[in-house]
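Engineer: Each chain, letter by letter, is given below.
2 protein chains.
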Amino acid sequence: MSGQADANSDRAIPQPVLNRIPTYLRAAEDLLADGTETISSSRLAKILGLTDGQVRADLVYFGAFGRPGVGYRVAHLVEELRRVVGIDKPWPVALVGYGSIGRALVAHEGLRRRSFDIVVVLDADPAKVGRKAGRCTVQPVSELEQELTRREIRLAILAVPSGAAQDLAEQVAAAGVVGIMNFASVRLRLPEEVIVMNVDLTLLLERLSLRLKVAGH
Amino acid sequence: MSGQADANSDRAIPQPVLNRIPTYLRAAEDLLADGTETISSSRLAKILGLTDGQVRADLVYFGAFGRPGVGYRVAHLVEELRRVVGIDKPWPVALVGYGSIGRALVAHEGLRRRSFDIVVVLDADPAKVGRKAGRCTVQPVSELEQELTRREIRLAILAVPSGAAQDLAEQVAAAGVVGIMNFASVRLRLPEEVIVMNVDLTLLLERLSLRLKVAGH
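Quick mapping for you: the protein sequence lines, in order, are chains C and H. Residue numbers 1 to 217, in the working numbering, belong to the letters of the first sequence in order. Residue numbers 218 to 434, in the working numbering, belong to the letters of the second sequence in order.
In short, the hints are calculated from the structure, not lab data. Any given hint might turn out to be false.
Stated by the list, open to error - A short list of chain C residues far from chain H (calculated; beta carbon distances all over 12 Å):
| # | residue |
| --- | --- |
| 1 | 49 |
| 2 | 56 |
| 3 | 67 |
| 4 | 73 |
| 5 | 127 |
| 6 | 135 |
| 7 | 137 |
| 8 | 174 |
| 9 | 175 |
Said to hold, decoys possible - Taking lysine-lysine and the DSSO-like style, the derived pairs with C-alpha atoms no more than 27 Å apart in a straight line are:
| # | chain 1 | residue 1 | chain 2 | residue 2 |
| --- | --- | --- | --- | --- |
| 10 | C | 132 | C | 89 |
| 11 | C | 128 | H | 349 |
| 12 | H | 306 | H | 349 |
| 13 | C | 89 | H | 430 |
| 14 | H | 345 | C | 132 |
| 15 | H | 349 | C | 132 |
| 16 | H | 430 | C | 128 |
| 17 | H | 349 | C | 213 |
For each residue, glycine too, the CB sits at the ideal point set by N, CA and C.
So here's chain C without its partners, still in its complex pose (with noise of 0.2 Å):
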């Protein structure tokens, strides 16, 4: 993959193709498990729903991995995806809440394997400051500002109550987080270079919903 090439330096790559990039991650990473050696654009897209010159179109944003009659390389796929995707290098995470979903997250083993690794685990509920979580001692979120700027994180987990939301957005995006995944159901408003994940499960429920009354059922 050439420098010229490389994520950072393109902007104008379509959301679109952002979010299919992790899931011909994971297929590679499939196929690299099965033994496969090479792959077609072709049988790729075939694994993914998707037709052979959109893999092609897609894959060459981040430089041209693919050779004709060969195909791609599954191991250096793998290997130049993850560094695209930003999960060759581990990711120090913060984790703002632990209800019920906090906990889930916690527990969840992907997490650390795919290198989101929670560091930091905060709450407002006095009652559960000082219990273990993980890895990780609940800390008030008192302290917020002071352990994200410390450890120098970019990237949180939103996972309180929706009445709370914005207000403790504005304090990870001051302490220097510049990605959050946000599980309340509230659009944050935050300063636009902060990049907002929202996993809104009621939300998503509905468009199932919608999906399954569109479709006739």
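Add chain H to chain C, keeping to what the hints say.
Structural biologist: Below, chain H alone, put in the same frame as chain C:
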């Protein structure tokens, strides 16, 4: 809203439009709670970060709600969109897997408030069977088919380990489920009439990581 414009009769509605509809509903509900009686498409567009034309085009798929110079009657919009989305009536939901994600879902008060009512909880672990899970008691997965069929359940949430997901997905589909929200990091292979919504938290974090990298963070 005319019968012809009903969601059930038009299967060609683009996926991005379907994905936006529940966000319109949220915005309309917020406006209703604030006492707003009517709203123009341009103001609704601004709230949602869309264009005026997009809002009007999206809502027209489900009938013409707006009136020129007046806009949308908020209470009417809420009522119609709840019906369109399919949450005007409760969905009985089966939860398969009572691990940490399953517990978070049972504890999630928003689900029932949004008409998603977990009425059956199943787990393969004999140690969990018989435990209280919200208003349910955890039942063994061996009772899956019988329970789902008896209760005519169409919607299931799979919160099980990746290795168990495919088999259990087939079982719920065989029991009549047509919509599955899947938390496992696996691509389920199911009859095409079954609609699967994947909620893969590590994949979502990878998308966020990639967006941060592309933004130069």
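Engineer: Please go over all the hints and tell whether each is borne out by the structure.
Structural biologist: Verification of the supplied hints:
1. Distance to chain H contradicts residue 49 of chain C as a non-interface residue, since its nearest Cβ pair spans about 9 Å, not more than 12 Å.
2. Look at residue 56 of chain C: its CB is around 19 Å from the nearest CB on chain H, clear of 12 Å, so calling it non-interface holds up.
3. Under the 12 Å C-beta cut-off, the non-interface status given to residue 67 of chain C relative to chain H holds; the minimum distance is some 24 Å.
4. For residue 73 of chain C, the condition that its CB be more than 12 Å from all CB atoms of chain H holds, with the nearest at approximately 21 Å.
5. The Cβ of residue 127 of chain C lies farther than 12 Å from every Cβ of chain H, with a closest approach of about 16 Å, so its non-interface assignment holds.
6. The beta carbon of residue 135 of chain C is kept farther than 12 Å from every beta carbon of chain H, the shortest such distance being approximately 16 Å.
7. With a least CB separation of 18 Å from chain H, residue 137 of chain C remains clear of the 12 Å interface cut-off, as annotated.
8. Every C-beta of chain H lies more than 12 Å from that of residue 174 of chain C, the closest at about 16 Å, which supports listing it as non-interface.
9. With a minimum CB-CB distance of about 14 Å to chain H, residue 175 of chain C clears the 12 Å threshold, and the non-interface call stands.
10. For the given pair, residue 132 of chain C sits about 26 Å from residue 89 of chain C by alpha-carbon distance, which is consistent with the 27 Å threshold.
11. A distance of roughly 23 Å separates the Cα atoms of residue 128 of chain C and residue 349 of chain H; the hinted pair therefore holds under the 27 Å criterion.
12. For the suggested pair residue 306 of chain H and residue 349 of chain H, the alpha carbons sit about 26 Å apart, so the restraint of at most 27 Å is met.
13. In summary, the hint linking residue 89 of chain C to residue 430 of chain H is supported, as the alpha carbons are separated by about 12 Å, within the 27 Å threshold.
14. About 23 Å separates the Cα atoms of residue 345 of chain H and residue 132 of chain C, which keeps this hinted pair within 27 Å; it holds.
15. The straight-line distance between the Cα atoms of residue 349 of chain H and residue 132 of chain C is roughly 24 Å, inside the 27 Å bound, and the hint therefore holds.
16. Annotation: proposed proximity of residue 430 of chain H to residue 128 of chain C is violated, straight-line Cα distance about 34 Å (limit 27 Å).
17. Distance restraint check for residue 349 of chain H and residue 213 of chain C: the Cα-Cα separation of roughly 32 Å exceeds the 27 Å cut-off, and the hinted pair is therefore not satisfied.
In terms of the numbered hints stated before, the structure departs from hints 1, 16 and 17, listed from lowest to highest.
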